[in-house]
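Enquirer: Construct the entire structure; sequences and hints are all you get.
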Amino acid sequence: MSSFAKKWMRQKTRTGTVYRPVIDLLFNEKIGRNLYSFIVDSGADISLAPRQLAERIGLDWDKGSKITLSGISPKPECTLEGRIHTVSALVPDLALELALPVCFASSDAPLLIGREGFFDEFDITLDKTRRRTVFSRKRVRRA
Amino acid sequence: MYGCTALSKDGRHPSGKVPPQLLREARLRQRDGEWLSSAKGPVVRRYRGKYVAIRNKKILAASTTMKGLYSKLDKLKPGMVLITRVEKPTLLVYVELR
Chain A
1 MSSFAKKWMR
11 QKTRTGTVYR
21 PVIDLLFNEK
31 IGRNLYSFIV
41 DSGADISLAP
51 RQLAERIGLD
61 WDKGSKITLS
71 GISPKPECTL
81 EGRIHTVSAL
91 VPDLALELAL
101 PVCFASSDAP
111 LLIGREGFFD
121 EFDITLDKTR
131 RRTVFSRKRV
141 RRA
Chain B
144 MYGCTALSKD
154 GRHPSGKVPP
164 QLLREARLRQ
174 RDGEWLSSAK
184 GPVVRRYRGK
194 YVAIRNKKIL
204 AASTTMKGLY
214 SKLDKLKPGM
224 VLITRVEKPT
234 LLVYVELR
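Protein chains in written order, with our numbering: chain A, 1 to 143; chain B, 144 to 241.
Incorrect hints may have been included.
Computed list of lysine-lysine pairs in DSS-like fashion (alpha-carbon distance at most 27 Å, straight line) [stated by the list, open to error]: (1) A/Lys7 with B/Lys218; (2) B/Lys183 with A/Lys7; (3) B/Lys220 with B/Lys201.
These are computed hints drawn from the structure, not numbers from a lab.
Expert: Structure (structure tokens):
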């Protein structure tokens with residue numbers, strides 16, 4: 001099997017119910033393993049997670065590439081520091097291990113899967129009508 | 144330069160294959176995610192804006208910070224859980240990197 005479909009996560013907002021595309025990734029932590037549900041964000045350049053996850057999986061947060069995160073507000077006080085690390089994560093649906101660059105925000109942040117690394121591995125169909133995402137593993141190009 | 148950590152240090156069989164038992168457990172936890180998605184409003188409402196840890200269709204721990212969630216999990220030692228964030232009832236928008 002080189003593809004799988006994943007139902008979208010239902011969440012309520014003040015404007016009604018929204019369904020968000022998610023994917024579950026398994027991380028090896030210093031002790032044990034846990035599964036994390038990430039929102040698939042095709043508009044995000046890179047994946048995002050809180051700093052504590054980096055430390056939980058045994059990374060030294062400070063040793064990553066330094067980056068500044070900002071949202072809609074242009075105010076400098078609304079920015080966050082981040083560090084980019086490449087981590088290994090397992091996609092349980094395919095028993096596939098990925099090397100994924102993730103920006104770990106210095107403070108609490110949503111769990112987002114962005115394009116870098118992940119969208120290189122999969123063709124991704126966001127099927128809003130059926131509220132599901134189809135992840136198809138890209139074929140490896142041979143020289 | 145990016146830092147790097149290897150999943151295979153203890154999560155894989157020496158052959159490189161992922162142990163079936165690990166995959167089975169991960170798939171059980173995925174069902175917990177489906178349960179959360181279908182949970183009634185009052186169940187979800189109290190966890191808005193919090194990170195939650197779910198196992199066997201029960202929210203075992205919740206916190207507004209990941210640090211707080213891990214602290215609770217370390218006391219409970221429940222085995223593998225599904226961790227996610229129940230977003231606040233707002234629409235999600237982008238984050239810019241510089």
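Enquirer: Need the status of pair lysine 220 of chain B, lysine 201 of chain B: alpha-carbon distance at most 27 Å?
Expert: 15 Å, holds
Enquirer: Is the hinted pair lysine 7 of chain A and lysine 218 of chain B satisfied, with a Cα-Cα distance of at most 27 Å?
Expert: Since the Cα atoms of lysine 7 of chain A and lysine 218 of chain B sit roughly 32 Å apart, the hinted pair is violated (cutoff 27 Å).
Enquirer: Would the hint linking lysine 183 of chain B and lysine 7 of chain A be met if the CA-CA limit is 27 Å?
Expert: Status holds; Cα separation ~17 Å.
The earlier numbered hint that this structure contradicts is number 1, and it is the only one.
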